[in-house]
Amino acid sequence: MSGADLTALHLSLVLAAATVALLLPLALLLGHWLATTRWRGRALAEALLLLPLLLPPTVVGLALLIGMGPGSAIGQGWQAITGGQLVFSFAGILVASVLVNLPLMVQPAQRAFEAVGDDLRAAAASCGLSPLRAFTKVELPLAWPGLATGAVLAFAHTLGEFGVVLMVGGAIPGETATLSLAIYDRVQAFDMAGAGRLALLLLGISLIAITLLFLLGRKKP
Amino acid sequence: MTGAEGLHVSLTRAGPLAVEAAFTVSPGQTLALVGPSGAGKSTILKAIAGLLPTTGALRVDRQDWQTGPHGLPAWQRRVGLVLQGGGLFPHLDALGNVMIAQTSPDRDAALALLAAMQMEGPVLGRRPAGLSGGEQMRVALARALARAPDVLLLDEPFAAVDPPVRRALIAAVANVRRQSAAPMIIVTHDLAEAAGIADACAFIDAGRIVEQGPAAAVLADPASRLNQWLCGHIANMC
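These protein sequence lines are chains A and B, in that order.
Be aware that the first sequence starts at 1, since it is given in this note's numbering, and climbs by one per residue.
Be aware that the second sequence starts at 1, since it is given in this note's numbering, and climbs by one per residue.
Derived by calculation from the structure, the hints in this document are not laboratory data.
Just so you know, even glycine gets a beta-carbon here, dropped at the ideal spot from N, CA and C.
You may find that some hints are simply not true.
[Unchecked claim] Some chain A residues near chain B, calculated using beta-carbon distances under 7 angstroms: (1) Ala123; (2) Cys127; (3) Val138; (4) Ala148.
Whole structure, please, built from the sequences with the hints as guidance.
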């Protein structure tokens, strides 16, 4: 592996880890809210949440490119604070990655919190547990396999993300050129052996992640 | 702490159900709520526990539980609640399920409560999935006592167990009665059990208490059609 490949691998791993770290509290809050709310607009909220998963990555990427670009309020706000652009930067692909992976982490979290059930919430309240203590002592321990499942899925998905990262980040070496983009570049340069090696590497990491997911699924809380 | 007044209930709505339920349960007294499925027995129990939005009056000793727009939050009501099936936390062992309800963790006190329910030894280290239905209910009864509750609420504690286990659980409930002087309400389908456990009995139909009084008198002299139906039901079983 070349230095550029290692840089791409490092960038992919950092991006995946940062995505999961940012998504974890979001998934906890949104998943729990969706599982327990009686709000009438819940179905609409769930549909909106699933959109990034169902739309073509190029469409999501284009929307983010415009929404976070230098002409947008978000892009200008970012530039005022940091002095740089949000698009074509690591921060830009991180924001894009978080949005794209949101449903992958929130959905399992929501299902896990739904599985806790009203009876156990009632039991927790009648045991004198405040809502916060009921969450940490009862709901979180019971729901964590679902949260872990979402985290592994989001991690693996981020490693393989291509379209959105390319649209929002370009393929700037050391900044936004992830491993999946490096594979694409190798193929463009007719370096099929190099592309194959990187693809195998990505396959290995994803396989480990998915195996971990199944192991977590079997383990009882 | 349980004072001299006991539990006063006068509800007009419990969750989605319009109810007409007014009764008093004195300290040390056990009231059986009896009625057909869907009559609103469990709904009234959950309303008392603060688990449903409720209108009406609810007072325990000198404390008003219906204060404010939503009433006292469920977790602030000193209630010992036993749900149908126990409602034990599946990630905690039997001892952990009791200790989680204690105001301050006291292992010895939790062990004593479990021992009073004939739960001792290695079984205390098992999670609910490793316990029988009767054992789960015993743990749930011990847990209900762990907070030193002002009110004890038992929702069909014998519904899911076989007759021999049921007899043992009735003895366990009698033991609960000895452990705590808190007013107790027990929801049951079974009038024979109600007669064996309760001092008072209230029949509920469609959210409305149609008859109530001392258990022996009410069961011996059925006045309402519902009461007659229920007593006929018992006679058929005997």
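Going down the list of hints, with the structure as the test:
Evaluation of the Ala123 (chain A) hint against chain B yields a held restraint, the C-beta minimum of about 4 angstroms falling below 7 angstroms. Hint on Cys127 (chain A) holds. Least Cβ distance to chain B is approximately 4 angstroms, under the 7 angstroms limit. A cut of 7 angstroms between beta carbons decides the hint on Val138 (chain A): the least distance to chain B is about 6 angstroms, and the hint holds. Of the supplied interface hints, the one on Ala148 (chain A) is violated, with its beta-carbon coming no nearer than about 14 angstroms to a beta-carbon of chain B, more than 7 angstroms.
Hint check: a violation occurs at hint 4 only; the rest are consistent with the structure.
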